[in-house]
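Engineer: With the numbering used here applied, the sequence shown covers 1070 to 1414.
Keep in mind that the hints are not guaranteed to be accurate.
Simulated DEER-style distance windows between Cβ atoms [to be verified]:
id: 1; residue 1: L1248; residue 2: S1294; range: 29 to 37 Å
id: 2; residue 1: F1319; residue 2: E1235; range: 26 to 34 Å
id: 3; residue 1: V1219; residue 2: G1321; range: 17 to 25 Å
id: 4; residue 1: Q1163; residue 2: F1184; range: 19 to 27 Å
id: 5; residue 1: L1201; residue 2: G1321; range: 24 to 32 Å
id: 6; residue 1: K1286; residue 2: P1254; range: 31 to 39 Å
id: 7; residue 1: R1327; residue 2: V1097; range: 36 to 44 Å
Everything labelled a hint here was simulated from the structure, so no lab data went into it. Where a beta carbon is used, it is the ideal one built from N, C-alpha and C, also for glycine.
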Amino acid sequence: MPTDGAVSSSSELIVSFGEMLIDFVPTVSGVSLAEAPGFLKAPGGAPANVAVAVARLGGKAAFVGKLGDDEFGRMLAGILEENGVSADGINFDQGARTALAFVTLRADGEREFMFYRNPSADMLLRPDELNLELITSARVFHYGSISLIVEPCRSAHLEAMKAAKEAGALLSYDPNLRLPLWPSPEEAREQIMSIWDKAEVIKVSDVELEFLTGSDKIDDESALSLWHPNLKLLLVTLGEHGCRYYTKSFKGTVDAFRVKTVDTTGAGDAFVGALLCKIVDDQSVIEDEPRLREILKFANACGALSTTKKGAIPALPTESEALALLKRSTIIDKIMSWIFFWFVF
1070 MPTDGAVSSS SELIVSFGEM LIDFVPTVSG VSLAEAPGFL KAPGGAPANV
1120 AVAVARLGGK AAFVGKLGDD EFGRMLAGIL EENGVSADGI NFDQGARTAL
1170 AFVTLRADGE REFMFYRNPS ADMLLRPDEL NLELITSARV FHYGSISLIV
1220 EPCRSAHLEA MKAAKEAGAL LSYDPNLRLP LWPSPEEARE QIMSIWDKAE
1270 VIKVSDVELE FLTGSDKIDD ESALSLWHPN LKLLLVTLGE HGCRYYTKSF
1320 KGTVDAFRVK TVDTTGAGDA FVGALLCKIV DDQSVIEDEP RLREILKFAN
1370 ACGALSTTKK GAIPALPTES EALALLKRST IIDKIMSWIF FWFVF
C-alpha cells in the first residue's frame, strides 16, 4: 500500500448501514435555523455519507437502509448510484416519508439540528428486508447509532451486524450522536454503549467522548476508558485540532489541515470514509504506526476539504482534491522549516 498519501482503489466491499435523508442547509453561513433566509437541499445521513465518501475515493461501497417511496427517496437512491454506490441494499416504504433534517453552523461555531422523522422510512426497516447476501459479502461493515433508537430498525441493525461479523467483516462504528432524536440522554448513552464491545474500529468526536465518559476532559485517560478487548483502533476527532489514535500497541496525534470552513456537516463521515478506504484491503496497517499516520493524514485532509462547501455528500472530496491539499501542506511545511532555520541560525 502506498505511504505517500495516495489511495489505491480498493477491491474489497465496504457496506454502510443506517439512515439516508435530505439535509436542508441555510443559504447563508453563521445563522440559526430561525434566522436563515432560505435553505439549500442536500443529500445526507452519516452512513450514506460514508458510502459515498468511499466511492468518491475509488473504493467499492454499498448502502443498506430504507427510504420513503417518494420523490426524495427515489432522488437519494439515484444519487447513490450516480456516485458509484451500490443501492442493492435499499428498500422503499410506501407508507412513510424519507427523513428530513435542517442543520446549520451558527456564528458561535455550534451546529443546530431539527429533524422530521415521525416516523420516517429509515426507522421502519425490518430484519426480513435485509439483503443478507450483500451484507455478508462486506469486508468492512460500518454503522452508527441512530438505527438503534426504535424498532423494527434496531432489530434489523443487530441482525445485519451479526451476519456481517459471522461472515468475517471488520465492524466499524461511529455513534454519530444526535441527542434530539433520542428519548433522553440516558437512553442514548445506554443504547450507544450496548453494542460498543462488538466494534473493532470506533470513531468518536470530542463532544461524543465527553458525552459517553461523563468527563469534560479530552485526554488519553478519558479516551482509553472506552477501550475494550475486541477493539483494534479507537479514534477521537478534534475538529481543527486533528485527531488522536489509539491501538493496542501505540497512540498519538495527527494534526489537522487549515481550510476556509463553510459547513462542517459530514466532516467526520469524510474522515471515516477515507480511513476505511485505506484499510479495507490490508487491515495490518492498523498495527503499523508510520503507515497508520499516513492514512490518518489523508483522512484529515478529506475531512477538512468536506467543510469547504455546503452540504454533506456534495462536499465530499475526490482523491485528486485530497492529494492536492496534502501536497500544498507539504510545501508550506518545508517553507516554514526554512524560515525557522534562517531565523534561528
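Engineer: Using the beta carbons of Q1163 and F1184, state whether their distance is inside 19 to 27 Å or not.
Structural biologist: Once the Cβ atoms are compared, 22 Å apart, the range 19 to 27 Å for F1184 and Q1163 holds.
Engineer: Please check whether F1319 and E1235 have a Cβ separation lying inside 26 to 34 Å.
Structural biologist: 30 Å, holds
Engineer: Using the C-beta atoms of K1286 and P1254, is the stated range 31 to 39 Å upheld?
Structural biologist: Violated - the Cβ-Cβ distance for K1286 and P1254, about 19 Å, lies outside 31 to 39 Å.
Engineer: Lying within 36 to 44 Å: is that true of the beta-carbon distance R1327 to V1097?
Structural biologist: 23 Å, violated
Engineer: Is 17 to 25 Å a correct range for the gap between the Cβ atoms of V1219 and G1321?
Structural biologist: 39 Å, violated
Engineer: Do the beta carbons of L1248 and S1294 sit within 29 to 37 Å of each other?
Structural biologist: 21 Å, violated
Engineer: Hint says 24 to 32 Å; check whether the CB-CB distance for L1201 and G1321 agrees.
Structural biologist: 38 Å, violated
When each numbered hint is compared with the structure, violations occur for hints 1, 3, 5, 6, 7.
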